[in-house]
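Colleague: Spelled out, the chains give:
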Amino acid sequence: MTEAILQVQDLHKSYGKTEAVRGISFDILPGEIFSLLGPNGAGKTTTISMLSCLLAPTKGDALIDGHSIRNGAAQVKGVIGVVPQEIALYPDISARENLHFWGRMYGMGGGALRKRAEELLDIVGLADRTKDKVETFSGGMKRRLNIAVGLLHQPKILYMDEPTVGIDPQSRRRILDTVIELNRGGLTVLYTTHYMEEAAELSSRIGIVDHGELIALGSQAELTHLVGESDTLQISLEADGYDSAKLLDAVQKVKGVQRATLEDGQLLVQAQGAHAALGEIVARINKAGARLLDLKVDEPNLEAVFLHLTGRALRD
Amino acid sequence: MKALYIAWKDTQRRFSDWKALAGMLAAPLLISALIGLAFGNLTSGETPITDIALAVVNHDEGELGQVYTDVLHSDDLAELLAPEEMDDLEAALQRIRDGELRAVVYIPHGFSEALFDGVQGSDFGSHAEVQVHTDPAANISPFIVRSIVEQVSNGLSSALLAGQVSALQAAEYADLLQERMAGLGEAIAAQLSQENFDTRTSRLSLNVVQTGESGPAFDPYSFFVPGMAVFFLMFSVFDGSRSILQENTRGTLPRLMTTPTPHSQIILGKMLGTFLTGLLQFALLVLASSLLFGVAWGSSPAGVALIMVLTVFAASGLGALLTSAARNENQAGIIVSAVSLTFGALGGSFFPASNLSGIVDLASRLTINRWAMEGFTKLTIGRAGFNDILPEAGILAAIGLITFVLAVIGFQRRFVR
Ligand SMILES: Nc1ncnc2c1ncn2[C@@H]1O[C@H](COP(=O)(O)OP(=O)(O)OP(=O)(O)O)[C@@H](O)[C@H]1O
Ligand SMILES: [Mg+2]
Numbered sequence: 001m002t003e004a005i006l007q008v009q010d011l012h013k014s015y016g017k018t019e020a021v022r023g024i025s026f027d028i029l030p031g032e033i034f035s036l037l038g039p040n041g042a043g044k045t046t047t048i049s050m051l052s053c054l055l056a057p058t059k060g061d062a063l064i065d066g067h068s069i070r071n072g073a074a075q076v077k078g079v080i081g082v083v084p085q086e087i088a089l090y091p092d093i094s095a096r097e098n099l100h101f102w103g104r105m106y107g108m109g110g111g112a113l114r115k116r117a118e119e120l121l122d123i124v125g126l127a128d129r130t131k132d133k134v135e136t137f138s139g140g141m142k143r144r145l146n147i148a149v150g151l152l153h154q155p156k157i158l159y160m161d162e163p164t165v166g167i168d169p170q171s172r173r174r175i176l177d178t179v180i181e182l183n184r185g186g187l188t189v190l191y192t193t194h195y196m197e198e199a200a201e202l203s204s205r206i207g208i209v210d211h212g213e214l215i216a217l218g219s220q221a222e223l224t225h226l227v228g229e230s231d232t233l234q235i236s237l238e239a240d241g242y243d244s245a246k247l248l249d250a251v252q253k254v255k256g257v258q259r260a261t262l263e264d265g266q267l268l269v270q271a272q273g274a275h276a277a278l279g280e281i282v283a284r285i286n287k288a289g290a291r292l293l294d295l296k297v298d299e300p301n302l303e304a305v306f307l308h309l310t311g312r313a314l315r316d
Numbered sequence: 001m002k003a004l005y006i007a008w009k010d011t012q013r014r015f016s017d018w019k020a021l022a023g024m025l026a027a028p029l030l031i032s033a034l035i036g037l038a039f040g041n042l043t044s045g046e047t048p049i050t051d052i053a054l055a056v057v058n059h060d061e062g063e064l065g066q067v068y069t070d071v072l073h074s075d076d077l078a079e080l081l082a083p084e085e086m087d088d089l090e091a092a093l094q095r096i097r098d099g100e101l102r103a104v105v106y107i108p109h110g111f112s113e114a115l116f117d118g119v120q121g122s123d124f125g126s127h128a129e130v131q132v133h134t135d136p137a138a139n140i141s142p143f144i145v146r147s148i149v150e151q152v153s154n155g156l157s158s159a160l161l162a163g164q165v166s167a168l169q170a171a172e173y174a175d176l177l178q179e180r181m182a183g184l185g186e187a188i189a190a191q192l193s194q195e196n197f198d199t200r201t202s203r204l205s206l207n208v209v210q211t212g213e214s215g216p217a218f219d220p221y222s223f224f225v226p227g228m229a230v231f232f233l234m235f236s237v238f239d240g241s242r243s244i245l246q247e248n249t250r251g252t253l254p255r256l257m258t259t260p261t262p263h264s265q266i267i268l269g270k271m272l273g274t275f276l277t278g279l280l281q282f283a284l285l286v287l288a289s290s291l292l293f294g295v296a297w298g299s300s301p302a303g304v305a306l307i308m309v310l311t312v313f314a315a316s317g318l319g320a321l322l323t324s325a326a327r328n329e330n331q332a333g334i335i336v337s338a339v340s341l342t343f344g345a346l347g348g349s350f351f352p353a354s355n356l357s358g359i360v361d362l363a364s365r366l367t368i369n370r371w372a373m374e375g376f377t378k379l380t381i382g383r384a385g386f387n388d389i390l391p392e393a394g395i396l397a398a399i400g401l402i403t404f405v406l407a408v409i410g411f412q413r414r415f416v417r
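Chains as they are written, first to last, in my numbering: chain A, 1 to 316; chain B, 1 to 417.
Hints are not guaranteed to be accurate.
Pairwise CB distance ranges (calculated) [stated by the list, open to error]:
id: 1; chain 1: A; residue 1: 91; chain 2: B; residue 2: 412; range: 37 to 47 angstroms
id: 2; chain 1: B; residue 1: 290; chain 2: A; residue 2: 91; range: 54 to 64 angstroms
id: 3; chain 1: A; residue 1: 165; chain 2: B; residue 2: 290; range: 52 to 62 angstroms
id: 4; chain 1: A; residue 1: 66; chain 2: B; residue 2: 18; range: 27 to 37 angstroms
id: 5; chain 1: A; residue 1: 165; chain 2: B; residue 2: 22; range: 48 to 58 angstroms
id: 6; chain 1: B; residue 1: 330; chain 2: A; residue 2: 240; range: 20 to 30 angstroms
id: 7; chain 1: B; residue 1: 412; chain 2: A; residue 2: 293; range: 49 to 59 angstroms
id: 8; chain 1: B; residue 1: 330; chain 2: A; residue 2: 225; range: 47 to 57 angstroms
id: 9; chain 1: A; residue 1: 122; chain 2: B; residue 2: 1; range: 26 to 36 angstroms
id: 10; chain 1: B; residue 1: 330; chain 2: A; residue 2: 91; range: 47 to 57 angstroms
Keep in mind that the hints were calculated from the coordinates and are not lab data.
Note that CB positions come from ideal geometry on N, CA and C, so glycine has one too.
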């Protein structure tokens, strides 16, 4: 078996009384894209911060390339690349100047740094904006430069904390493609997101976090297997005009239905043999006086897994 | 080494920010120019200076001492001077210290006699002296009073030497006074024509001894340019110190801490950045002011450089300390604005602090501006040498060191988790 490049052992972090991370453990193998999937406030950023030696864990440890985050911070920082959730760049200097400055901070310099900076500007598709100040960039362009900075020193493992938040689908696609491309080149990636599609597309393995705990861990196939044979019905209803508590109750009583949630007209139903239950569910919706707008039957997915494990929907 | 890159990055960013540059360079130069223009009016006859309070203490029993009293009381000078006569020299000097008088003209006992003795003997004139005591805090009035007394003395000695009142020598400061001095020659001549000593055979010299702080030509720029430079230095250095908090909230400080750069280097780099920015700002102000206004920064470039470096050092140390204690960027902004304004007012950036007394004076001595200004005015106005400014340099260095160390400790506690 290959040696893990990152081993997380029972990490805890409390902010005063808030327990942001409550005992997380997992390993990442070289060449993997490992995703931490979880809703807002799950503890993803806190975990990444501890693994970046930015925050001291309250309890537990992690080994990165054999170095402990507790007493080997200097070595750890040499092998990790960090792409923070917030864009951390200097807006009043150019893209190239940003890369040159951050390169210096990684101990690079001279021709090697200049060459690497141009290479990265090319990789993230900013080669035509190198001299422009970062403050003139679109959100997507800033995010791309934010990633480039984390790659400067050819890290062994790259942490990406929700790198696609708040940008247009095109930029998002571009970033996902870049991650895939980099991974093909051998880069190990620790990726956090609350979009299950991203985790599903990118990752070899996924850890689902909720309330500071890792509630499930495995490949997508392994995780969806947890849900069993059940499918997920996604039903869009007109937002009002009916008693939603009553409707939910009625839907939950349909034979085969395991779980159901209803929020803002979005009815999510997990059911064994969903197609069989479908007719009855639609009948009860009509009876409740709700107008049906859209209906979709999903094969088991991560969304369903989260619903299955927590009884809540994974969305922002 | 990485600290230097951080410092240089901050300096470059600041010097490419037009708004920052306006505050750092344009504002102090502009204000200095306006003040200079206001004082420039002095030479065009529209002097804002009137009624200089002074006392004449005439202990001379002869007639020559009376000449000074009469000239100082003459109609020509009535608007400019507000003289009064006093008997007790000590009491008069105390009134200078109390800030009631700007100058005391003292004609000692036996003045006339000493002059005449001097004419008759060979040891002429060595004991005849008029003393002008001036308020060390005042800038212009001592020069005016001294100038008038000098002219009277010149007139007296020319009269005694050559038997006539020659065309008055252009006094060094005459152009400060111009029209007011125009009538002075006649006043002195009128006084002297009433005296009837045999001037043809008289030969004597006469000393004008003045006490108190003074120097050669008073140039308002020499005071106000350093004042404004120090004031705006504090402002921009303090403002620059806040950038570490800004970097913290905008995520670049945490990101720096994920790079293999020791935390001490990061903190040092940030502080060095404000220091370097301030130093460049001040150096540019010195350069620009000597080119634009012809400010003479004194005959000791090493002295100016030393006070400059240490002033910037102390300012960046204090700025960092205040920042490290502030809760957030906004609070830091309020604190540093308040401190720089208070320091400017107390420390003599706007008016000389040396006429302060009591608790206010004590408070003034706690400001960086005070010591910077004492150092600079010693150099610019007092034409002092390198050794003369060492006490000020020492105090500034101490302020800088203490605040710097405390700030480093504060930042370590705050940002290193
Ligand atoms: N500095 C802090 N002080 C106190 N509580 C904090 C702090 N930072 C985070 N928390 C709390 O810790 C928990 C986990 O936060 P964290 O930022 O790690 O979540 P996240 O999974 O990254 O969420 P998001 O998807 O919104 O980025 C939250 O409840 C948050 O309120
Ligand atoms: Mg987060």
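Colleague: Indicate, hint by hint, whether the structure satisfies it.
Modeller: Consistency of the hints with the structure:
1. 91(A) to 412(B): 37 to 47 angstroms: violated, 27 angstroms
2. 290(B) to 91(A): 54 to 64 angstroms: violated, 36 angstroms
3. 165(A) to 290(B): 52 to 62 angstroms: At 54 angstroms between Cβs, range holds.
4. 66(A) to 18(B): 27 to 37 angstroms: violated, 50 angstroms
5. 165(A) to 22(B): 48 to 58 angstroms: violated, 37 angstroms
6. 330(B) to 240(A): 20 to 30 angstroms: violated, 43 angstroms
7. 412(B) to 293(A): 49 to 59 angstroms: The hint (49 to 59 angstroms, Cβ to Cβ) holds, given that residue 412(B) and residue 293(A) are roughly 58 angstroms apart.
8. 330(B) to 225(A): 47 to 57 angstroms: Holds, at about 53 angstroms.
9. 122(A) to 1(B): 26 to 36 angstroms: holds, 29 angstroms
10. 330(B) to 91(A): 47 to 57 angstroms: violated, 19 angstroms
In this structure, the earlier hints numbered 1, 2, 4, 5, 6, 10 are contradicted, and the remaining ones agree with it.
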